[in-house]
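Please arrange chain L on chain V, whose structure you already have, making use of the hints.
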Amino acid sequence: MSSKATQQPLGLRIVIYAFIGIWLMMAAFPFLWTLWGSFKVELDFFSITNWKDALFGPRTEATYGSSLTGAGYEGAWIQEEFWRAVLNTFIVCFFVVCTSLTIGTLGGYALSRSGFKYTFWLLIIALIFRAMPPITLVSGYLLPFFEWNLWGILPTSIIVLVAINQPFTLWMLHSFFQKIPKELDESAKVDGCTQFQAFRHVIIPVMWPGVITTGLFSFLLAYNDFAVTAMLLSKENQTMVPKIASFLGTTQTEGNVMFAVAAVVSATVPLFILVMFFQRQIVSGLTAGAVKG
Amino acid sequence: MKHKTFFWFFLPTALAMLLFIAFPIISVVIQSLFTPHEAVLLTVENCGPFGCTTETSIDQEATAALKLAEPLGRFAGLSIYLDRGHLAVNEVAALWSGRESLGGFFDGLKNLPFYRAMYFTLTYTFVVTPLLIVLGFAIAVGVNSLHRHLKGLVIFFSLLPMIVTPLIGSLILFWMIDSRGVLGSAIQFLADDPDLSLKASTALTWITLMVYGVWHSAPFAFVVFYAGLQTLPQDTLESAMIDGASRWQQIRYVVIPHLMPLVTFVALIQLMDNFRVFEPIVGFNAEAHATSLSWIIFNDLGGETRLLSSAAATSVLTIIGVAILLSPVLVRTWRDFNAKT
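Sequences listed follow chains V and L, in order. First residue of the first sequence? That's 1 in this note's numbering, and the numbers climb one at a time after it. First residue of the second sequence? That's 1 in this note's numbering, and the numbers climb one at a time after it.
One chain only, chain L, in its complex shape:
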């Protein structure tokens, strides 16, 4: 294909991505360097027969005019990044110099909103991803050995948790684990504690969110691995059997090596998706116990006062996080590409 034809074919999609993905990223970076204007104050001196009083009031007109002239706000440099809501440099330094033990330092860190969210996001990402791969693999191996009439039905029901909107899926589970819901009552009965509530404790909320995460994403891993199992080389499997490999050894030395590229693929996609964990926190109403980076941005943007600059700074930090997660893949692709040419 000629360069010119390529250009015209690619133009619409390139424009869409440029305007609505690339520019917003730039706009976010710029916005994060500015902070909203302070209100213009007007000081009036009223002199009467009993002396003079000064009165300070907000000059609405001047404030509005200033906002109109410079909608971004005033330039603040990196100060938003360093404030308490984000990297909290001063607080971290104070914690570090006042630390008694390393554990105490980390406990103090968890009280700062950004680090709290970071802590949950990373824990969630790195707990849920391996678990869902293991569960998805187990289901795939199980379904593969079923009778073929059953397979279609099982696949149908297995797809549901993944296809359903995350917010809706988490709401459905949230209502069931409510202390008056069916799962909540069952757990109370099993634990023999009528006051047990999964929503009350931080640890239990975290576990609930992670169980939801595995439930939601395991079908994806299952479908990918199941498709991989269909292309399993039968010759290798048969020769392994003739050599006396047990079932477990067949899985360990034939099936898993065959599926390894798919495991990398699923892990990559799921790391990216789990890092943006957000809807379950809204659905499970869990913000008191667990917040994520995406949730902080959402919280800043919603509400009456839209904290655009604060949200922008968190966005930039999140994008940097995604870039770090993605970098091993990019480096590998780059090496492959160079090896090819």
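For reference, chain V alone in the conformation it holds in the complex:
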């Protein structure tokens, strides 16, 4: 693509670089700004007099003797017990990812290897389920969960999140499994494997990239969920996102917005790391469903 004919004229080049530059600013600046601001006091981050206060932090320096302070983090993590929410989030995410991958790979594998008509219908039903806003389902859970005393605990939310993830997981794994030639498990069966053994010992070892990608998306769905966890968890068992939402109600009045800012930054860091290490998998996962048409 570097021949004379495809080379861009300088003007166009500048336009492209400027456009990408503006987009990068839009995409990255809010995060960097909030990260930097989370180490300031509220009067600096939300400065009435001068926006530069958030950069240099004169009031932070006046209060704490240095222009950066961890007071927001201390308040959020210790005083407001944000660590509990972090722990809950990771418990929920771990079990959601494990369970949905286990039952999802079984289901996705079956869908990709069965040639009967009902597989098509099952996939269509999964697509319809995928389109349901989770919050509409939540209003169906509440009454039975209250009746059976299942409301408010982590296992309930985990199972619900697994189920809500399933349609998406099935579609994604289905498209990954389709790329693996059927001859592979047929030859395993000729050698005397049962279907399950073929799946376990032949298919899964070559499926790891697909499983990891799907696991990433299950993780993101569980980590980012607000509707289900906010409604189904009691106050002690809250995960990060509903906890942050509940911060807003209480801290806005006390003037401790910085607790919420610190909590927001803390919740963003794992996602940052995730994107850094798994960028390739995320990109391939997003396109897995698309490229097929």
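Don't read these hints as lab results, they were simulated from the structure. Some hints could be false.
Claimed, not checked - Listed next, the in silico DSSO-like pairs over lysine-lysine satisfying Cα-Cα at most 30 Å (straight line):
| id | chain 1 | residue 1 | chain 2 | residue 2 |
| --- | --- | --- | --- | --- |
| 1 | V | Lys179 | L | Lys2 |
| 2 | V | Lys117 | V | Lys235 |
| 3 | L | Lys2 | V | Lys189 |
| 4 | L | Lys67 | V | Lys235 |
| 5 | L | Lys2 | V | Lys182 |
| 6 | L | Lys199 | L | Lys110 |
| 7 | V | Lys189 | V | Lys179 |
| 8 | L | Lys2 | V | Lys52 |
| 9 | L | Lys151 | V | Lys179 |
| 10 | V | Lys182 | L | Lys199 |
| 11 | L | Lys2 | V | Lys117 |
| 12 | V | Lys117 | V | Lys52 |
| 13 | V | Lys182 | V | Lys235 |
| 14 | L | Lys4 | V | Lys179 |
| 15 | V | Lys189 | L | Lys199 |
| 16 | V | Lys117 | L | Lys4 |
Coordinates of chain L only, in the frame set by chain V:
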């Protein structure tokens, strides 16, 4: 694969979806037909030397017993759907018969909670979806022409707005557009109006929410289109160049037709996702100016009195909305499937 093996492989995931997606939908439909019990009233007549007085009080025990016996409440038929909080049939009829102009009728409609939310949800869905496709396409074309060392970095930062939790992303932007935040001050400076606040006016709040929506979803469109650009047939592009097509004509007649199936895919996914818009409204604290269907359900379910029946009725209406949005796709898939067999 035999039917029996298929069954055992598929059973766990089918059970999960049946129990936690299919049954709740049925449960929501049933719940929406019932309304909570009224408190059982107890009338006691106290007769004293100065005559008799009657006292009415709530019989707590009997109310509790009734609730225990029939947790769903009493059967109400479709009345919840038709009340003021939902389809508001009577109010709409009154507005229609008392209308002075069509515009006045729609203005009156916007005061009813359900129609207000519907109005915002639909506007949001149909404004944000095309905009994010255009922006995503522009970024994809731009990034594709960059030097390859830069690409990875740009993709990394571009993914962030999409990966970050919607509530967190909207909070971050919300703090920045606060009149004391950096963007808020910048806008005040640009508009030369020190009292300008993006939160105060309905129109500005709507624009903010939609800008957030585009910001959040454009990376998805970008990644999909970018992957599509990697499979662009070079032969077609070269022959277009030899025929003297300008850059714009190459994009218009080669690149866009090649990406068309992906555009349909992105549009479908984003229509479904934007229709459930909810977290930004919580994050931007915008419920005074903009509500969505999902937000109404959330609002009914939260709080001290959980309005289960009301939430269920809105849920059913939302599901019907999703079904209408999804129906063109389903019809198309059905036709494709029939054409194949």
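A quick look at each hint next to the structure:
Proximity of Lys179 (chain V) to Lys2 (chain L) is assessed by CA-CA distance (about 21 Å); at most 30 Å being required, the pair is judged to hold. Straight-line distance between C-alpha atoms of Lys117 (chain V) and Lys235 (chain V) comes to about 46 Å, which puts the hinted pair past the 30 Å bound. Under the criterion of a C-alpha separation no larger than 30 Å, the hint pairing Lys2 (chain L) with Lys189 (chain V) is consistent with the structure, at around 13 Å. Among the hinted pairs, Lys67 (chain L) with Lys235 (chain V) is consistent with the structure: their alpha-carbon atoms are about 25 Å apart, no more than 30 Å.
A C-alpha spacing of about 15 Å is found between Lys2 (chain L) and Lys182 (chain V), which places the hinted pair at or below 30 Å, so the restraint holds. Restraint check: the Cα-Cα separation between Lys199 (chain L) and Lys110 (chain L) comes to about 20 Å, which is no more than 30 Å; the hinted pair holds. Annotation: proposed proximity of Lys189 (chain V) to Lys179 (chain V) holds, straight-line Cα distance about 19 Å (limit 30 Å). In summary, the hint linking Lys2 (chain L) to Lys52 (chain V) is not supported, as the alpha carbons are separated by about 69 Å, beyond the 30 Å threshold.
Among the hinted pairs, Lys151 (chain L) with Lys179 (chain V) is consistent with the structure: their alpha-carbon atoms are about 27 Å apart, no more than 30 Å. The straight-line distance between the Cα atoms of Lys182 (chain V) and Lys199 (chain L) is roughly 57 Å, outside the 30 Å bound, and the hint therefore fails. Note on Lys2 (chain L) and Lys117 (chain V): the hinted pairing holds, with a Cα-Cα distance of about 13 Å set against a maximum of 30 Å. Between Lys117 (chain V) and Lys52 (chain V) the CA atoms are separated by roughly 64 Å; this puts the pair beyond 30 Å, and the hint is violated.
With a CA separation close to 49 Å, the supplied pair Lys182 (chain V) and Lys235 (chain V) exceeds the 30 Å bound. Simply put, Lys4 (chain L) and Lys179 (chain V) have alpha-carbon atoms about 24 Å apart, close enough for the 30 Å limit, and the pair holds. A threshold of 30 Å between alpha carbons decides the hint, and for Lys189 (chain V) with Lys199 (chain L) the separation of about 65 Å lies outside it, so the pair is violated. Between Lys117 (chain V) and Lys4 (chain L) the CA atoms are separated by roughly 15 Å; this keeps the pair inside 30 Å, and the hint holds.
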